[in-house]
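K.L.:
Chain A is fixed; fit chain B onto it per the hints.
Protein chains: 2
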Amino acid sequence: MEKRTKEKGAGEIMESLKTKVLEQLALAKQASRKTGLLRTEEKNEALALIAEQLLADEANILAANEQDLARAEADGQPASYLDRLRLTPARIRDLVDSLEQLIRLEDPVGQLIDSWTRPNGLVMEQIRVPLGVIGMVYEARPNVTVDAAAIALKTGNSIVLRGSHSAVQSNLALTASIRSALSKSAVPADAVQYLPYKEHASVDLLCSANGLVDVIIPRGGAGLIQRVLQQSSVPVLETGVGNCHIFVDQSAHYDMAEAIVLNAKTSRPAVCNAAETLLLHREWPLDRQHALLARLLAAGVELRACEQTRALHSDLAEQLKTATEQDWDTEFSALVMAVRTVDSLNDALEHIQRHSTGHSEAIVSEDRASAERFLAAVDATTVYHNASTRFTDGGEFGFGAEIGISTQKLHARGPMGLPALTSYKYVVRGTGQIR
Amino acid sequence: MEKRTKEKGAGEIMESLKTKVLEQLALAKQASRKTGLLRTEEKNEALALIAEQLLADEANILAANEQDLARAEADGQPASYLDRLRLTPARIRDLVDSLEQLIRLEDPVGQLIDSWTRPNGLVMEQIRVPLGVIGMVYEARPNVTVDAAAIALKTGNSIVLRGSHSAVQSNLALTASIRSALSKSAVPADAVQYLPYKEHASVDLLCSANGLVDVIIPRGGAGLIQRVLQQSSVPVLETGVGNCHIFVDQSAHYDMAEAIVLNAKTSRPAVCNAAETLLLHREWPLDRQHALLARLLAAGVELRACEQTRALHSDLAEQLKTATEQDWDTEFSALVMAVRTVDSLNDALEHIQRHSTGHSEAIVSEDRASAERFLAAVDATTVYHNASTRFTDGGEFGFGAEIGISTQKLHARGPMGLPALTSYKYVVRGTGQIR
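Protein sequence lines correspond, in order, to chains A and B. With this note's numbering, the residue at position 112 of the first sequence is 112, and numbering never jumps. With this note's numbering, the residue at position 138 of the second sequence is 138, and numbering never jumps.
Only chain A is shown next, with the shape it has when bound in the complex (with noise of 0.2 Å):
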């Protein structure tokens, strides 16, 4: 066997790839037909089956992570990335707990969105159907493994799943227990494909497979998410980074401005709704910006400051860095914040359509005309009044699951929830009309 493998070229070794993955693709797009057409119920009984099955194959699914851990410790990975490949009990519960809320979500499949009756008699519905095929590349966290199959199901569709190979012992036990419960159920067990091979090629292969996969969707660090964006063909759902402002208005309410720059920066600096710039209006009182600026610095932020900012709260000057060109366009994903002082509503929405990556941004301010003038004229996914920008989230929204976070303006913008894997056709019923 292992000299068979030595004797094969690599032309040979890609051959017997693409073979293997287009099989699976194939079987992923044939089981979509029969996903896309069952009951709620149907899925939704999939999906208890799912939850039970990976409680009760817990201790395999611990082995198979153990598995992971230890060659990702032996290759010296930091703490941080064997925290994120870890699997516990807690963390397969709280699998099981996403799988119950989602069951309780609303399916969006067969949804009427329009229907209309035209002059010649012909009747229009447009209804919502299922995507058919997504592939997900992702990186290290093996619980994206049971969400995003649970998600797809629940939506009518099928999966091929390509996770890091660092995770590749959990998923594959993961996605066995999943198709294992699957058999059981009315959803064909190879709605669920995941692809174990260590070859970026598989990649390749997944991302331009038009025809038999109908989205890609990249979850991970912005390297992986541009290297599938420059090499798909198939349609891709971009999730993509946040520099988020929060522009402090000459009439912010003292508390409030206070309140919400502290929330989005520190409650959660790693993640893409925090805000990563704050830009202070020349007139808001000179006072109240020296508390705020304080505050941040006790809460354990570095400030980088403009060199106005620097100039009129000159006692803080020592501990309020000079920012560079490069720090406006930064995510820095840290308790590290850039900080300019803009001398009018105008000087902060130019500051932000230069710098903002149209993920999340907010405006404190007393005055209505202003916000609504923010409000309009910044180009984001979501845009603030009063509010932190931490709350650009499907929970938070109130979407129940989320997907991710979409930046592009096709298809699905912001939290993505179930609707966001899903399409619609035409149904129309005539009665013999000709054209």
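None of these hints come from the bench; they were simulated from the model. Warning: the hint list may mix true and false statements.
What the hints assert, rightly or not - In silico EDC-like cross-links for lysine to aspartate or glutamate, where the CA-CA straight-line distance does not exceed 16 Å:
no.: 1; chain 1: A; residue 1: K184; chain 2: A; residue 2: E52
no.: 2; chain 1: B; residue 1: K184; chain 2: B; residue 2: E318
no.: 3; chain 1: A; residue 1: K184; chain 2: A; residue 2: E41
no.: 4; chain 1: A; residue 1: K18; chain 2: A; residue 2: D204
no.: 5; chain 1: A; residue 1: K198; chain 2: A; residue 2: E15
no.: 6; chain 1: A; residue 1: K321; chain 2: A; residue 2: E302
no.: 7; chain 1: B; residue 1: K20; chain 2: B; residue 2: E199
no.: 8; chain 1: A; residue 1: K29; chain 2: A; residue 2: D190
no.: 9; chain 1: B; residue 1: K29; chain 2: B; residue 2: D190
no.: 10; chain 1: A; residue 1: K20; chain 2: A; residue 2: E258
no.: 11; chain 1: B; residue 1: K18; chain 2: B; residue 2: D204
no.: 12; chain 1: B; residue 1: K34; chain 2: A; residue 2: E350
no.: 13; chain 1: A; residue 1: K29; chain 2: B; residue 2: D190
no.: 14; chain 1: A; residue 1: K34; chain 2: B; residue 2: E350
no.: 15; chain 1: A; residue 1: K321; chain 2: A; residue 2: E307
no.: 16; chain 1: A; residue 1: K20; chain 2: A; residue 2: E307
no.: 17; chain 1: A; residue 1: K34; chain 2: B; residue 2: D379
no.: 18; chain 1: B; residue 1: K29; chain 2: A; residue 2: E350
no.: 19; chain 1: B; residue 1: K321; chain 2: B; residue 2: E302
no.: 20; chain 1: B; residue 1: K184; chain 2: B; residue 2: E42
no.: 21; chain 1: B; residue 1: K34; chain 2: B; residue 2: D190
no.: 22; chain 1: B; residue 1: K34; chain 2: A; residue 2: D379
no.: 23; chain 1: B; residue 1: K29; chain 2: A; residue 2: E302
no.: 24; chain 1: A; residue 1: K29; chain 2: B; residue 2: E350
Claimed, not checked - Away from chain B, derived, C-beta distances all over 12 Å, residues of chain A:
no.: 25; residue: A10
no.: 26; residue: T19
no.: 27; residue: E58
no.: 28; residue: L297
no.: 29; residue: E302
no.: 30; residue: T357
no.: 31; residue: Q433
Quick reminder that beta carbons are idealized off the backbone N, C-alpha and C, glycines included.
P.N.:
Relative to the frame of chain A, chain B by itself:
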């Protein structure tokens, strides 16, 4: 000047092209920020000014078109090509009529799609906004230049146009006329950009300008669409081929089936919603089958039939060519039709599943249960019961304007009206909420 160009290396020319294209894209992006905030009346006024200006510039436009025609003729292009390229006073009048119709259509921008209040008091609104900058890559017909620009402006977008080089003089004259009209309106002239560069690299630059361009729409042959799909990292709205089927069920109404098949095949065979394959239920009365085939033949349709059909209608055998496997997958776009006898609805569904391009599919049947099964099971933008596939069209759907017919499932599917050129954003109003 000539000399300098000759001295330039390929790299230098490429750099200069890149600079010029990126400059135009940046202008379009800048203009989109203003266009997206205009009131409906301001956009409609701009459209009316364009209509006026096109009529005023008619002599110029036709003279430019003459140059393109002369070059195409010298290149030995066929008459059909010259016809697509040709502008006439009547065709300019048609463009003006389309503009007037567009003015009367509802503006989707600003529409409140959904709104709700969260338990924490946040007031959520989902509001329709323009996409931003649309990149349009298209072939031959210069009328697309005006139609596409007008639809983009009505929906608050900027547009960057790149037509085929054979129509460059016509397209430049048309865009000059449009921009001259815009300069008298609230819409910035820079909202309409034309890329006059012959180099295919200008298309590549457009398709890789993530951040400046929000969507690429290719309009033209399969080759153009595939090239754009393969190359673009900007999301693409795919308008694809239509290999459409009509299934005549055993219970089909005789005259209705005949009328629908004749209409779907012969009324305009070159378009994507024309039928390509006829599936005949074996138990539909043989004399009716015979009559239908004879009528198709009498209408000049070349029939390529399966062996069973040829055996069942042996008296027609000389006129029925033998279908090859490839015929089931061919969009003939001509008076040619493949014919297959199937034993059941299941067989018809299986054939369609294997060979459909997911455009438009129809069943003719008096049996409601069969029809409903067909409508649910067939995965296509539009499925018909007792009507011709020819109705898959923005005008026939009542959309007023059509950007194209999407055969992908993301963002928009089937005939695309004005809302297909929009996205949405969430506007969240709070009273100091933090998380």
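K.L.:
Next, verify each hint and record whether it holds.
P.N.:
Do the hints match the structure? See the list:
no.	hint	result
1	A:K184 x A:E52	holds (12 Å)
2	B:K184 x B:E318	violated (66 Å)
3	A:K184 x A:E41	holds (14 Å)
4	A:K18 x A:D204	holds (10 Å)
5	A:K198 x A:E15	holds (15 Å)
6	A:K321 x A:E302	holds (8 Å)
7	B:K20 x B:E199	holds (13 Å)
8	A:K29 x A:D190	holds (9 Å)
9	B:K29 x B:D190	holds (9 Å)
10	A:K20 x A:E258	violated (56 Å)
11	B:K18 x B:D204	holds (10 Å)
12	B:K34 x A:E350	holds (13 Å)
13	A:K29 x B:D190	violated (45 Å)
14	A:K34 x B:E350	holds (13 Å)
15	A:K321 x A:E307	holds (10 Å)
16	A:K20 x A:E307	violated (59 Å)
17	A:K34 x B:D379	holds (11 Å)
18	B:K29 x A:E350	holds (14 Å)
19	B:K321 x B:E302	holds (8 Å)
20	B:K184 x B:E42	holds (11 Å)
21	B:K34 x B:D190	holds (10 Å)
22	B:K34 x A:D379	holds (11 Å)
23	B:K29 x A:E302	violated (34 Å)
24	A:K29 x B:E350	holds (14 Å)
25	A10	holds (24 Å)
26	T19	holds (20 Å)
27	E58	holds (32 Å)
28	L297	holds (19 Å)
29	E302	holds (21 Å)
30	T357	violated (9 Å)
31	Q433	violated (4 Å)
The structure is inconsistent with the numbered hints 2, 10, 13, 16, 23, 30 and 31, although it conforms to all the rest.
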